[in-house]
Amino acid sequence: MMPTERFERHLPGLLEALAEPRTPGYFDDLMRQTAGTSQRAAWTIRERWLPMLDIARQPVLLRPMPWRAAIGLALMLLLIASAVFYGGTHRLPPLFGPARNGVVVHSDGGDLYTTDPVSHVVTPIVTGPDVDLDPIFSPDGTRLLFERKTDADSDQGWLYTANADGSGLVRVSPESQAHLAWYEFSSDGRWVVSTSIVDGFPQISTVRTDGSDFRTLDTSGVFPWGHPSFRPGDDATLLFVGAQGVGGSYPGLYLIDRDGSHLRTLLKVNAGADNLLPDAVWSPDGTRIAFTQAERNQIEFRVHVMTLDAGADRPIEDRIVGHEMGAWFEGWPVWSPDGTRLVIQRDTGEIRDRAQQGANLEPSVHPSTAVIVSVDGTAPEVPIAYTMGPSGAIMSWSPDGRSVLVTPIDDSDARLQQLLWDPVTGASSIAPWAANSLPAWQRLAP
Amino acid sequence: MVGNDSRDACAIPSERDHIGRIEQEAVVDQRDLVERARRGDHDAFAVLAGASVARLDAAARLILRDPELAHDAVQDGFIRAWRDLPALRDPDRFDAWLRRLVVNACLDIARRRRHRAIEVELTPIHGTASPDLASAVADRDQLDEALRRLDPEWRAIVVMHYFLGVPLPEVASSLGIPLGTAKSRLHRSLGAMRAAIAPDEVSTTSSVVTGGQFA
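If you read the sequences in order, they're chains A and B.
Just remember that my numbering sits 9 ahead of the position in the first sequence, which is counted from 1.
Just remember that my numbering sits 1 ahead of the position in the second sequence, which is counted from 1.
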């Protein structure tokens, strides 16, 4: 008999004898600890959120450039404009500010579709036996990025890009990635960043959209907890919420270069507390970051807007935005395309003192609402006439800033029919197309 | 009249019925317990935790090779399980989910302590050559040392598969690695452990680990 087989056959018993399983003496203390720990509301837990991003891709803020290059660029643009005029080439959306609404892309039954939000015409664009999920557009509206699996229940997936009409598929993942949790284009559409599990830990990976130069970034023991995103106008810099613990403990805001170098800390919160949500997002122009942080009592959450020193990537201001007295939870900010407003989620339940159980505070959990707030506080906020369940919703502005496209999530973590919110009136309506995919809207030139 | 006095002939059937009911109740409806725990019933969570803590504590000690660190990992995993239980999408996956939390907590601790991969030495720990492999391995210290020489992540694969009885595809999924990688690491771990414990018993013919006996 092969020694291999004998050793394997004996190994379970040997491990059993070595480990001697028994209820540990600390079990009662452990139960006292858990009893004194508050359960978190479902929507504050990362795993409730499929990690798709806000698809109102924000345009690039051009940096100053040398005169010669500027002239050369102008000439090139003139040539391109001529080609567009005479050749009918598709014009690209502006690099900054609102854009014209294109189609909405979504997945259903493992295939990808686009829907014209005006005509409601639905067009299948990627079909087949594979399971294709959660497509998003590039900032210029010309390419798609999505996950492909061979089995819907598999944790392994590959990232693919395609033209907006579904043609020209290119696989960008060199091999399957486990638990793909996030992906997005750079603002120039040439790079993709993703988060997946590598060797048991979340990791950030970058790759060119042609599939070359794939690399997993070494974040020096800081686990990505939330979605990394390219800085608009500076596609060599990534922002991410990181944590020292795999589950999100000891979190902070970090920047890292696309090649994995130069990790720097923007914000470090108190150790031992999960008091940053994985929702940090760049403003459209890349000068500010909106994120959600817990207050000192580690129960109440507030939306913060951090302004960075342009030259040094150093925070020069950090203030709370959109707070309403009595609200214990405000979070999950999403920037409007012009950078003047945020849509946030808010819960105005009470904070109860669990003094009898050990002085831990816990909020009363109510269905939450959404509200449009102005970043500078000068405009009145607009409450949305829709009550979300405990799991909240994924929200995304339309490119023209006149709507917010929403995918609610129910208690069983299932996605519901998409909605459209009016950020001026607060009205909520069912989107006139059948989709419960995560919101993704194409940007077009005006 | 049915009573509790076992001398009462009429009480015997009722007592049996009572015992039967207890047994039926004792056959824990885990899904119900998970649902209750999700809604904040800590007593329900304590029942669930009590049913699994022994093996998970043992697994953590096997992975981390340090009872204090194992204590920390189990503590972290269980506290997180209670706190984040509302996020569990499928109550039937509670055991696998809790197991994953504890194993990941072990790897988290191991990584922070920078117990990185130790190149496996094929030098035998003890030079005893015995035709009876079981006898050779009967020395717990040998197995202990053989495990200690593995990288914690490789050790986790061995412990999850052979101690916790997790099928290899689920081990791979829990650790976020491709199945082929899990198979490869398991194979190499076993080879390294065999070589370290009883080198004379190591076959020169490589064998591919298939699904394992729990596949």
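Because the hints were derived from the structure by calculation, they are not lab data.
These figures come from a predicted structure and were not determined experimentally.
Note that the Cβ used here is the ideal one computed from N, Cα and C, for glycine as well.
Take the hints with a grain of salt, since some may be wrong.
Chain A stretches covered by chain B per the calculated footprint, using a threshold of three residues with CB under 8 Å from any CB of chain B [unchecked claim]: (1) 21-34; (2) 379-388.
Cut-off 20 Å, straight-line C-alpha distance, at most; resulting in silico cross-link-like pairs (SDA-like, lysine to any residue) [as the list claims (entries may be wrong)]: (3) A:277 to A:321; (4) A:158 to A:188; (5) A:158 to B:113; (6) A:158 to B:182; (7) A:277 to B:113; (8) A:158 to B:179; (9) A:158 to B:180; (10) A:158 to A:396; (11) A:158 to B:171; (12) A:158 to A:129; (13) A:158 to B:181; (14) A:277 to A:221; (15) A:158 to A:128; (16) A:277 to A:323.
Against the structure, the hints come out as follows:
Counting residues of the segment 21-34 of chain A whose beta carbon lies closer than 8 Å to any beta carbon of chain B gives 12, which meets the minimum of three for the stated coverage. Evaluation of the coverage hint for the segment 379-388 of chain A: breached, as 0 residues show C-beta separations to chain B shorter than 8 Å, against a requirement of three. Taking the CA atoms of residue 277 of chain A and residue 321 of chain A, the gap is near 17 Å; set against the 20 Å cutoff, the hint holds. As the CA atoms of residue 158 of chain A and residue 188 of chain A are separated by approximately 11 Å, the hinted pair is consistent with the 20 Å bound.
With a CA separation close to 33 Å, the supplied pair residue 158 of chain A and residue 113 of chain B exceeds the 20 Å bound. Restraint check for residue 158 of chain A and residue 182 of chain B: the C-alpha separation of about 19 Å stays at or below 20 Å, so the hint holds. Only pairs whose Cα atoms come within 20 Å are accepted, and residue 277 of chain A paired with residue 113 of chain B is accepted, the gap being roughly 18 Å. Between residue 158 of chain A and residue 179 of chain B the alpha-carbon distance is near 14 Å, which keeps this suggested pair within the 20 Å criterion.
Distance hint between residue 158 of chain A and residue 180 of chain B is fulfilled; the C-alpha atoms sit about 15 Å from each other, no more than 20 Å. At roughly 34 Å between alpha-carbon atoms, residue 158 of chain A and residue 396 of chain A are farther apart than 20 Å, so this suggested pair is violated. For the proposed pair residue 158 of chain A and residue 171 of chain B, the alpha carbon gap of about 17 Å is at most 20 Å, so the pair holds. At most 20 Å may separate the alpha-carbon atoms for a hinted pair to count; residue 158 of chain A and residue 129 of chain A exceed this at roughly 28 Å.
Among the hinted pairs, residue 158 of chain A with residue 181 of chain B is consistent with the structure: their alpha-carbon atoms are about 17 Å apart, no more than 20 Å. A threshold of 20 Å between alpha carbons decides the hint, and for residue 277 of chain A with residue 221 of chain A the separation of about 34 Å lies outside it, so the pair is violated. A threshold of 20 Å between alpha carbons decides the hint, and for residue 158 of chain A with residue 128 of chain A the separation of about 31 Å lies outside it, so the pair is violated. A threshold of 20 Å between alpha carbons decides the hint, and for residue 277 of chain A with residue 323 of chain A the separation of about 13 Å falls inside it, so the pair holds.
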